[in-house]
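S.K.: Line order of the protein sequences matches chains A and B. For the first sequence, this note's numbering begins at 1 and goes up steadily by one. For the second sequence, this note's numbering begins at 215 and goes up steadily by one.
Careful, some of the hints might be misleading.
What the hints assert, rightly or not - Dumping the calculated DSS-like pairs for lysine-lysine here, alpha-carbon to alpha-carbon at most 30 Å:
1. LYS248(B) to LYS62(A)
2. LYS133(A) to LYS274(B)
3. LYS62(A) to LYS75(A)
To be verified - Examples of chain A residues lying across from chain B (beta carbon under 7 Å, computed):
4. GLY72
5. LEU90
6. ILE92
What the hints assert, rightly or not - Here are the computed distance ranges between Cβ atoms for each label pair:
7. LYS225(B) to GLY172(A): 43 to 51 Å
8. VAL249(B) to ASN47(A): 19 to 27 Å
9. GLU222(B) to THR65(A): 44 to 52 Å
10. GLN17(A) to GLU217(B): 55 to 63 Å
11. GLU238(B) to ARG20(A): 42 to 50 Å
12. ARG69(A) to ASN233(B): 28 to 36 Å
13. SER145(A) to ARG240(B): 26 to 34 Å
14. ASP277(B) to GLN140(A): 13 to 21 Å
15. SER219(B) to GLY174(A): 33 to 41 Å
16. LEU221(B) to ASP137(A): 27 to 35 Å
17. GLY22(A) to CYS220(B): 25 to 33 Å
Quick caveat, the hints were computed from the structure, so don't treat them as lab data. Cβ coordinates follow ideal geometry from the N, Cα and C atoms, glycine included.
The lines below spell out each chain.
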Amino acid sequence: MEALNPSLETRESELVQQARAGCKEAFYRLAQPCERAFFAAAMGILNNEADAEEAAQEAVLKAFTNISRFRGECKFSTWIIQICINEARLKIRKARKHLYESIDESKSGEDGDYFPRDFADWREIPSEALERKELRDALQRAMASLPEKYREVLILRDIQHLSIEETAQVLGIGTGNVKTRLLRARLQMRDALAPGIDGNWSLGRQEYAKVRAW
Amino acid sequence: MIEISCLEVWKEISNFIDNDVEPELRARMEAHFKVCAHCTAILDGAHNVVKLVTDGVEYKMPDGFSRRLYDKIKDK
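Could you put together the complete structure from these sequences and hints?
M.R.: Next up, the structure:
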């Protein structure tokens, strides 16, 4: 099956029409080019490959069943990403149903200020450093350490490259909340990763020493 | 130009990175970064986070994901 270029909006709307009429082939052609984004959205929340695949695929099937509800107000992929996020959340809530942590977390406000933990100075990180398992592992750990609501925003904005408005739509929150959560996510990631930059990410002759500003 | 505090800068640092601040605020923040090593360090670190997450976080697709998805849609 050939890959669909998602930039072809007219083609997308044709396929949506066919899928609405029950054409499974057309639906697959719509969904398949974006499957990585669906999986990543679920993986970012669940952090487990098998669970993320289950959630992403369940979301795609729900999208097929409910395609009559897709009114073209957003991109088709954005609509399914939204369903993936909901599926993943549902899964994680079920796993934690005996705990109250997530409920309390979702009620907490966004108004409090976030204060950076320290002012370690990062120099520019060379792209070659990303090849290093140590840095990739630290990144994954830092992502996993974020509260779910911050991780979701970081994934949608900085990995999926959704706009602020699209992110707000997917998460069902206001754009102001998206910006606040993104700020916190980025600063918490910085705090989580900064100690690792304390000379540890040096590559060859280049060194990225932690330099305190005082 | 009205000076801006470190706290105000931190609140807007993510929007600054996304080029989502008004020109007047941007100018005030840029002036602040020139004289505040703390906020410059936070800006550089946040920039690095965006670069790292954008380039370095990738979720490897499970083998056979597409085929299983195709089969499930077909069986629906």
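S.K.: Which earlier hints turn out false for this structure, listed by number in ascending order?
M.R.: Violated: hints 1, 4, 5, 6, 7, 8, 15, 17.
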